[in-house]
Amino acid sequence: MKAPDFDYLRPSSLDAALAMLAEHDGEAMPLAGGQSLMPMMNFRVAAPEALIDLADLTELRGITVDAGTVRIGAMTRYAELMSDATVQAHIPLIGMALPHIAHDAVRNRGTIGGSLALADPAAEMPALMLALDASIEVTGPDATRMIKADDFFLGMFETALDGELITAIHVPVATPAQRFGFHELTQRHGDYALAGVAIAQTDDSYRAAFFGVADRATRVPELEAALKRQDDMKVVLTYLDQIDFTDDLKANHTTRQRLAGVALTRTLKGMTA
Amino acid sequence: MTGPAHIFDKPNRYIGKPEPRADAARLLQGRGRFVDDEKLPRMVHAAFVRSPHAHAKILSIDTEDARTSTGVIAIYTGADLAEHVTPYVGTLTHMAGLRSAPQHPLAMDVARWQGEPIVMVVATSRALAEDACELVDVDYDELPAAVDSETALDADTPVIHPEFGSNLAWERDVIAGDIDAAFAAPGVHVVEREFRFGRHTGVTLESRGTLCDYDPSEDQLTVYYSGQAPHMMQVIFSKHLGLPEENVRVISNDVGGSFGIKIHTYGDEIATAAAAKLLRRPVKFIADRFESFVTDIHARDHIVKAKMGITGAGTIVGIDFDDLTGIGPFSMYPRTSAIECNQVLNLTGAPYVMENYRAKGRVVFQNKTLMCQYRAVGHPIAMAIADGLLEDAARKIGMDPVALRELNLMADDSYPRTSATGMKLDDLSHKRALRKLTEIMDYQGLRADQTEARKDGIYRGIGFVSMVEVTNPSPMFYGIGGAPIASQDGATLRLDAGGALHVSSSITEQGQGTNAILAQVAAGVFGVDLNRVKVTTGDTATTPYGGGTWASRGAGIGGEAMLLAAQALKDQVLEVAGVMLQTGVEKLDIRDGAVTDLEGNERLPLADLARTVYYRGNELPNDLNPELIATRHYRVTDFPFVFTNGAMAAHVEVDTATGFVKVLHFWAVEDCGRVINPLLVDEQIRGGVVQGIGGALYEECHYSPDGQFMNATMADYMVPMASEMPDITIAHIETPTKTSVLGAKGAGEAGTGGAPAAILNAVNDALSPMGASIWQMPMTPERILTVLDKAAE
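As given, the protein sequences belong to chains Y and H, one line each in that order.
With the working numbering applied, the first sequence covers 1 to 273.
With the working numbering applied, the second sequence covers 1001 to 1793.
Derived from the structure by calculation, the hints contain no laboratory data.
Careful: at least some of the hints might be erroneous.
Covered by chain H, according to a simulated footprint, are these stretches of chain Y (three or more residues, beta-carbon under 8 Å) [as the list claims (entries may be wrong)]:
| # | segment |
| --- | --- |
| 1 | 2-10 |
| 2 | 57-63 |
| 3 | 114-121 |
| 4 | 247-253 |
Where is the CB? At the ideal position from N, CA and C, for every residue including glycine.
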């Protein structure tokens, strides 16, 4: 369980990092905390020629508020998010979810950008971005563009990134008209959930993003519409059929669907209480 | 010999006191010396190419590219090492009929489990060795695998060792009374269940590892070894590498947990020793976590069909069961893989008065990792069968499970006696333990809470287990069957010139506090301050000869040897003191580092006595030749084992929407005889309970139908973690064993052996309003939802 030989690069600017990424033409991987990548390399599942450590890129750090949007630098660690007053005040959903994300040791190194770029279907952060209607700011050699979270996650470990680095996350500031809920079902605290959901409610509209249930974090528009109509929960839950639930050793797709329904029901109950 | 009252009742005696362990500060400051901390000049590193298949013929091995890879020193195949290592077979003569095939350190022609070592690469670093492993090209012809133990004996299942004609490794029947007649008697209710116990493993914090150093000038092999039986390993290295026994030194410094995992013959470790001998330089092998999962011995994996008969008034008339267990492709050497099944046959129902008993055990080969003795060997299965059926029967006849136990447990004043299976029992306290348990847990209060909570749709359950625990094994356990495993242990105490004690013992420390209790016994019985005792364990060159620490034998056997040696040294010192002080020995004692009169008044500091002996012997009479060093050995006689007993209870809440189980509280009352250090015993029991909860709710080695281990990572194999663990309340009853002066019995198996049955019973108690019950461990959310759905149909 030792990683194969690789080059370790530590650029001091975003431009330098992008140049290195281009130079290695797909054979280099950005290192943004390494809480998933390093174990994958030690298992020799991932074997990049080079790691480009983003730790020194000041452009990827900092949390600011401007014009109703919180901008979170991609290299912000979970531990920093947890203790940040801006995030606590303006994005309460992230505050609700963070204690469920792994453990202190992982949260001290893991970054928000790293998690989104990996796009692990069981991770909490992609679902939070979907529920919050966040935008992902990505920068390539030629341009910076904004990708809506809804368009960012394309499949298991698959994103819309194209030779680019995530530079920041843009999340709308929570309004008094909004309420939030988060619930995940794990046998052990800090594990990947068997099923979980993050919900942002704005007036009578809902954005409900499920995670740990399919090949990516997933919203179901018909289910959200049913919530808006205030359909009976039994009816709401039937729209879960539209998710292609995962089968694995911990739970088959039937159990997962059931647990997703429990997570949704319990989250909504908590929000109305 | 001074009697027990004299030793234990005087002030400043340490035995029974919650003394903090002396080595805790060292370990917490990162100054532990685990195998991977050892670094020797010219040391090189081993990595292994392991079989990716559960069963495959090895057609060819091409190592050409790997040999030229950076840093590679040597590459060995099974055939290469077979020239230097004799094969070994995991059978013992007292396990009649047990068969197994010869094993080589690296597979020869056929690979028989996924993870079996095939090729060894030695390189200047572990990373470079792994790089070279990727360049080794092994051509396999994959064979159909025998994976499922239930079909292992079927005619169309591949036979792993064709010379045996079937995959049966061992079978045994135990019959007492007439079970058929007992079950058929009028008024007898019979409950019947099929239990399934998942395969799990030990998951030690420090993985297996060894550093082998060979010095050709003296033909000397020194092995730094993370393990619990140094003298056993000395014999094994000597025998199979062709070295004189005295030329093998096995050193186990700090060991980061073992639980029975590190007490066997692993091919990768033997290969490491062989490579060190061939290369004439130190070779280190540290198993990584993946290697640990696929090669450390696994445990459990039993399917049991069981029945219990009970009268309407609640008298158990008998137990009848059939246990089938899969052990992998070989019986592990040298302890064998039949012991767990044998324990199940011996221990099931042992706390209860019962005349009729019929048990069949079958042990089968399969293409999975080898199974062998993990903490609480056989106990969780035996306890779950008897106490699971007992609580099922209690529900059937409408009797409280505590009342039903009261009715059937052996009376505390009825010993010595034998169990239905013929086990000799003495000094047990089942009824007192159960009464104390219901007291400390407030049983009636919990039942009231249960009733109230159900009204709100909250399903809580209370489950019990009454158990026996095999500890302090005699020569009847292994020695009688021809295993090179010492059943006795020794202790040496030496009084130094400064008045301190240097003591050594053949039992071993693997994190549970062995060294601490040895010091307490030595200091207390001899009479010096605890901080003036230095302890050495885990080195075949410097300790007395003995078995090590396993089967809860350390305190009971090693502790007794220390007590006897301390007493002997005390007698020697008092003889010298008597001469020096011109006083009768019977008027002297040793307390707080000085020879005293019987009232405790100091007469002569030990340092003065020792200096006189060592430096100024001219002051002593010529016919007095003081030794100031004493060694004693101890083994259990008259009994094959010394049984410990206990009673435990679990309080759980089952979320019927998700199938999640939360353990709210756990209680254990243990009678391990004399408690030497309550802090350490309590933590042993707590740690054991946690491992038992792991077996009950979380831990399982999942295999695909073709024998691939599917969850061999710490992310996918779930061990219990601190956040989910309940408070665990411990209480003691002390019924010292009459087999020793110390009176200590083992306590290491208790939690792991008992907790699964208590949790199972608690979950089934919680599920009972829905008419559901579960008999498979681990009790995962999905399995609980499945039985709830079935009950709702």
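The hints, checked one at a time:
Beta-carbon proximity to chain H at under 8 Å applies to 4 residues in the segment 2-10 of chain Y; the threshold of 3 is reached and the given coverage holds. Here's how the segment 57-63 of chain Y fares: 0 of its residues keep a CB closer than 8 Å to some CB of chain H, so the rule of at least three is not met and the hint is violated. Given as covered by chain H, the segment 114-121 of chain Y fails the check, having 0 residues with a CB less than 8 Å from a CB of that chain where 3 are the minimum. Only residues whose beta carbon comes within less than 8 Å of a beta carbon in chain H count, and the segment 247-253 of chain Y has 4; three or more means the coverage holds.
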